[in-house]
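Student: Sequence:
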Amino acid sequence: MIRKIIGHTRNEVYTIPNLITLFGIISILLYAYCFLRGAGETYIPLLVFAAGCSDLLDGFFARMLDQHSRLGKMLDPIRDRLLGAAVLANIVITNPAVWKIAILTCLLEMVIAAIHAHRTRATGMLPLVHSSGKIRQAAHLVAAGVFVFQTYMPLWIAIGIPPV
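With the first letter of the sequence shown counted as 1, position 30 gets the number 1005 in the numbering used here; the numbers rise by one all the way through.
Source of the hints: derived by calculation from the structure; they are not laboratory data.
Note that the coordinates shown come from a computational prediction; the quantities given were computed from them, not determined experimentally.
The C-beta atom is built at its ideal place from N, Cα and C for all residues, glycine as well.
A hint or two may mislead.
Below, computed lysine to aspartate or glutamate pairings styled on EDC-like, alpha-carbon distance capped at 16 Å [stated by the list, open to error]:
| # | residue 1 | residue 2 |
| --- | --- | --- |
| 1 | Lys-1109 | Glu-1084 |
| 2 | Lys-1109 | Asp-1030 |
| 3 | Lys-1048 | Glu-987 |
| 4 | Lys-1048 | Asp-1030 |
What follows is a list of derived Cβ distance ranges for each label pair [unchecked claim]:
| # | residue 1 | residue 2 | range |
| --- | --- | --- | --- |
| 5 | Leu-994 | Glu-1016 | 24 to 30 Å |
| 6 | Val-1086 | Ile-1000 | 21 to 27 Å |
| 7 | Arg-1094 | Glu-1016 | 25 to 31 Å |
| 8 | Arg-1056 | Phe-1035 | 18 to 24 Å |
| 9 | Pro-1071 | Arg-1045 | 35 to 41 Å |
| 10 | Gly-1099 | Val-1067 | 35 to 41 Å |
| 11 | Val-988 | Gly-1099 | 21 to 27 Å |
| 12 | Val-988 | Thr-1095 | 19 to 25 Å |
| 13 | Gly-1120 | Arg-1045 | 27 to 33 Å |
| 14 | Asp-1041 | Tyr-1018 | 15 to 21 Å |
| 15 | Leu-1040 | Met-1128 | 30 to 36 Å |
| 16 | Ala-1014 | Glu-987 | 23 to 29 Å |
| 17 | Leu-994 | Ala-1072 | 36 to 42 Å |
All chains, full assembly: derive it from the sequences and hints.
Tutor: Shown next as structure tokens:
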């Protein structure tokens, strides 16, 4: 089993990067469950952190072990969009006044997806990951982290400053 997972597997499903991505997706689903149910709020920052780490680690292991797979190329952006959608939903549920910003964010993501689909159709192949996409995803992860930690573990508690 280990030999099968660790080897060079372009079309394999059971690779270490795919398992890490699946762990991230499960973390996001648990996060969404917790904030929708209003339960497990102490675990929410850890779940978002786990999902963010899975985004960093799956690519690292895919390169290190040369385990790039078609499934991974599909699951990775799905996990990224799920995390963005979950955090955005949490923001709107926590503060309904920002729904216009949430809609604008969704529209921008749809435009980016349409451009990506057009480039894929025009060239007949998936475009290579580029630095602007990585910067965008890093910004999403930082924003998600700031929101979640400010909402569920306020900064003033973490550094010992009393609330204003």
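Student: Would you mind marking each hint as holding or not holding in the structure?
Tutor: Now for the hints, and whether the structure bears them out:
Our distance criterion of 16 Å between C-alpha atoms is met by Lys-1109 and Glu-1084, whose separation comes to about 14 Å. Of the pairs offered as hints, the one joining Lys-1109 and Asp-1030 holds, with about 11 Å between alpha carbons and a cut-off of 16 Å not exceeded. About 12 Å separates the Cα atoms of Lys-1048 and Glu-987, which keeps this hinted pair within 16 Å; it holds. Pair hint Lys-1048 plus Asp-1030 holds up; C-alpha atoms about 12 Å apart against a cutoff of 16 Å.
Take Leu-994 and Glu-1016: their Cβ atoms lie about 28 Å apart, and the range 24 to 30 Å holds. Between Val-1086 and Ile-1000, the C-beta spacing of about 24 Å keeps the proposed range 21 to 27 Å intact. With their beta carbons about 41 Å apart, Arg-1094 and Glu-1016 fall outside the hinted range of 25 to 31 Å. Against the hinted window of 18 to 24 Å, the Cβ-Cβ separation of Arg-1056 and Phe-1035 comes to about 20 Å, which satisfies the hint.
For Pro-1071 and Arg-1045, the hinted distance range of 35 to 41 Å is satisfied, since their beta carbons lie about 40 Å from each other. The supplied range of 35 to 41 Å is met by Gly-1099 and Val-1067, whose beta-carbon atoms lie about 38 Å from each other. The given range of 21 to 27 Å is respected by Val-988 and Gly-1099, whose C-beta atoms sit roughly 24 Å from each other. A C-beta distance of roughly 22 Å is found between Val-988 and Thr-1095, which places it inside the suggested range of 19 to 25 Å.
Range check, Gly-1120 to Arg-1045: about 30 Å between beta-carbon atoms, so the 27 to 33 Å window is met. Judged by the Cβ atoms, the range 15 to 21 Å given for Asp-1041 and Tyr-1018 is violated: they are separated by roughly 34 Å. Taking 30 to 36 Å as the suggested C-beta distance range, the pair Leu-1040 and Met-1128 conforms, at roughly 34 Å. Restraint check, Ala-1014 to Glu-987: a C-beta distance of roughly 37 Å breaks the suggested window 23 to 29 Å.
At about 40 Å, the beta-carbon gap between Leu-994 and Ala-1072 stays in the expected band of 36 to 42 Å.
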